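J.: Now for the letters of each chain:
Protein chains: 2
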Amino acid sequence: MIVRADWVLPITQQPIEQGEVVVQNGVIVDVRRRSGTRGSADVLDFGEAIILPGLVNAHTHLELTVLRGAVEDTPFFEWIRRLVDLKAALTESEWRDSALWGALEAAASGTTTVADTTDSGAAVYALTQVGLRGRVYQEVFAVSPEQTVAKTLDELENKLQQLHRATQGTAVQVGVAPHTLYTVRLEVMAALREYTRRKGYPVCIHAAESSDEIALLQEGKGKFAQMYAQREMRWEVHGKHPVDILHEQNWLDANTLLVHAVQTEPRHTELFAATHTAVAHCPQSNAKLTNGIAPLGEWLERGVRVGLGTDSVVSNNTLDMFAEMRSMVLLQRAVRGVDCGVTTRRAVETATAGGAHALGMAEQIGTLEPGKQADLCVVALDNVHCFPAYDPYAALVFSARASDVLMTMVAGKIVYQRGEYPQLREPVQRLRERLRYTVRRIRERLAQDETG
Amino acid sequence: MIVRADWVLPITQQPIEQGEVVVQNGVIVDVRRRSGTRGSADVLDFGEAIILPGLVNAHTHLELTVLRGAVEDTPFFEWIRRLVDLKAALTESEWRDSALWGALEAAASGTTTVADTTDSGAAVYALTQVGLRGRVYQEVFAVSPEQTVAKTLDELENKLQQLHRATQGTAVQVGVAPHTLYTVRLEVMAALREYTRRKGYPVCIHAAESSDEIALLQEGKGKFAQMYAQREMRWEVHGKHPVDILHEQNWLDANTLLVHAVQTEPRHTELFAATHTAVAHCPQSNAKLTNGIAPLGEWLERGVRVGLGTDSVVSNNTLDMFAEMRSMVLLQRAVRGVDCGVTTRRAVETATAGGAHALGMAEQIGTLEPGKQADLCVVALDNVHCFPAYDPYAALVFSARASDVLMTMVAGKIVYQRGEYPQLREPVQRLRERLRYTVRRIRERLAQDETG
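So the protein lines, in turn, are chains A and B.
FYI, the numbering for the first sequence is 7 to 458, going by my numbering.
FYI, the numbering for the second sequence is 7 to 458, going by my numbering.
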């Protein structure tokens, strides 16, 4: 099969005008200027469009999709408190439908790989149903003393076994996500470190997201500290920044993905570079939840592995990697100037090869070159807001919208094309009808909250 | 005619679920919950969608549309220098086609009113061809000493007469835009002040956009100062901030719209409030060209009239007011926290009623209420990235994209619906073919620049 368009962006080399990608058995065998082959059934010619590596969403929570925009206009602490309340209302099958809707959105937006942090495990179902590639990190919480080390590891092992069964023969891998240092007690963290290393699991941890998190861990102050005090729970105060605590516990290595790291200092950048720790950068979530602007320019300059993530639709409120690329550039330039090195090309690289590197998947995906998996997306350039396009990187980051995605392909299989999801086994409309029921229930709960 | 949808956002009151807007002779006569009227030929029922006032783009330059993304990854000074070079290459008819393409994009994105700053005058042609409402400010430049007061006023008068002829019987008004304090000499500014006041023209001035502008006017330093020195031109140094210079010249009043004002101080906010001066806020342009983040929260808090603008597609790179609303909220929250008061509701208000107020058009447009012009747009909520939607403001700002606009109406006439522009008298494809010729020429010029 040959996929052809006005532009091909291999990422590893300059954009190719009038290019094509040749795919055999799900693998890329050639990336080149268009050949003479014409009109064959196996040529997909998209004309005025860009072919680029499938986008890698380095951090989200697909299961939360049905809560899109349910918590608005609040700072981080209030936001997470209300989110935890709403999560408690959902059933197992609702988690699955919710995650599935998110996977559809990701596919329709040109995303081929999703790094998901899941409480329910529903993301595995969602990704495999739609035919997406992914890494699903099983979340671990251990707040109360009853959640002992033994109990936590036991529960985790059960959940991981389920995930392994569900991912067999798929393009989805399994990892472990100790949630954060304010939701997993330190002794449990230490045990999880030992466990994940012994078993060779990739790891994902939310770290240094909000000032309240820093205040709790450094000084035992702030809103999390007040909440734990009200619940008469002790939370160990280390007088240290969360990243420093993680470093002491030996979490910082090439197998660990830190999410956000927005409230970090220059010495942490050095630490990430020295330990090969990866970061999932979520600029829109950070801005919206008033957690600030991460030192992305410094990370990239020092060679830290950085992927771009949308975070969940409760904080963003879409899985749109195009909007995320644009915001990534705008937020950096607004505060750090154009010399911050965050160009449009850098944005596209971060959303593709950067994510692949951050997830340790760079040998399989992230660029268009022979031998890699045929994970790609095609973006129309002929819509009114995209014309003219002088430079394909600028067009992707500053003109294109996720709605301009014409086709998304994973390992040579089309997972989205012009409104259709060829791998999905049920009609989208049926899924939507089930979700409407959940939405009504959440609406009622929100209305109750408002009336007190 | 009745326009109906799941949500109507009148702006003047709470969102109406299952609402409708009743239009007679181009004017809104009722805004209410849906009535019993069914299936009549005059009912447009959009179902799972939001009806809101047409978006008011408070600042752009439509004529530059064919240069979309032609100057990238440069800070402000270099950007404007290269833009001036490219502008010199375009002919009169190319300006018109370029502006027309921009007007199409605006209409397709839900914009009904455009405040345009035009050098060539082409925006009048563009807006009237597509059927949009607007205010077109004729730009004035007077850099060299040869551009005397008399010559400048004479040329301006000629251009304004042409604009008046072209706008007769249309929904487009005429204004005057002395470009900036670094492109119009002070004596010419003074004469323009007298002229515009005598003739009653609304005024638009770019002010306090970049640090180089401030450096030139306050200290005679920076890149503009160097450029003028190289050209052996003197530029008067006032030792004052541009807004203070404008204040001294009595520009600050209810008829004046300042564009950007991003590099301003708290005392300027007080000045804007006291003098009823309006501001066109262009957050994406400011961020992208590394001019920083405006004190929007303070402006809104102090009751300054603020409209939202995309600026031209050379700096943005689209006329997408949805992306602009999202960036407006994200950029403020990133640096000022959620308490900055820039909520999703505030963003929609600024993009509609705010713009109408800033342009002095609030009696005709900006909200949906009886007696106002039937300027509105309809935004689909049933696309995968918009579902579910718990709150219509959050859905518009954080989920919806301009591509979700189903219909745009100006004074009761449909100017855009599902890919079509009913008022346009030539096929879009013909316009595009003409523009392709211009694009090729610009491409060649850009290639020459690169090779030296």
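Honestly, I wouldn't trust all of these hints.
Same chains, same label: a pair holds when it works inside one copy or across any pair of copies.
[Claimed, not checked] In silico SDA-like links for lysine to any residue, alpha-carbon gap of 20 angstroms or less:
| # | residue 1 | residue 2 |
| --- | --- | --- |
| 1 | K165 | V434 |
| 2 | K157 | H244 |
| 3 | K157 | L89 |
| 4 | K165 | Q232 |
| 5 | K229 | Q19 |
| 6 | K246 | R38 |
| 7 | K93 | D397 |
| 8 | K419 | D397 |
| 9 | K165 | P21 |
| 10 | K227 | I8 |
| 11 | K227 | I299 |
| 12 | K419 | Q179 |
| 13 | K93 | Y396 |
| 14 | K419 | V33 |
Derived by calculation from the structure, the hints in this document are not laboratory data.
Being a predicted model, the structure only gives us computed values, none of them experimental.
J.: Does each hint hold? Answer for all of them.
T.: Now for the hints, and whether the structure bears them out:
1. K165 - V434: neither (28 angstroms within a copy, 56 angstroms between copies)
2. K157 - H244: neither (25 angstroms within a copy, 73 angstroms between copies)
3. K157 - L89: Neither: 25 angstroms inside a copy, 65 angstroms across copies.
4. K165 - Q232: neither (32 angstroms within a copy, 66 angstroms between copies)
5. K229 - Q19: Neither. Shortest intra-copy (48 angstroms) and inter-copy (35 angstroms) distances fail the 20 angstroms Cα cut-off.
6. K246 - R38: For K246 and R38, the Cα distance exceeds 20 angstroms both inside one copy (52 angstroms) and across copies (57 angstroms).
7. K93 - D397: Result: close only across copies, 18 angstroms inter versus 43 angstroms intra.
8. K419 - D397: neither (28 angstroms within a copy, 36 angstroms between copies)
9. K165 - P21: Neither: 44 angstroms inside a chain and 44 angstroms across chains, both beyond 20 angstroms.
10. K227 - I8: Neither, since 59 angstroms and 56 angstroms both go past 20 angstroms.
11. K227 - I299: Neither, since 22 angstroms and 31 angstroms both go past 20 angstroms.
12. K419 - Q179: Within one copy, since 18 angstroms is at most 20 angstroms while 54 angstroms is not.
13. K93 - Y396: between (46 angstroms within a copy, 15 angstroms between copies)
14. K419 - V33: Result: close within a single copy only, 10 angstroms intra versus 52 angstroms inter.
Violation of the numbered hints given earlier is confined to hints 1, 2, 3, 4, 5, 6, 8, 9, 10 and 11; the remaining hints are satisfied by the structure.
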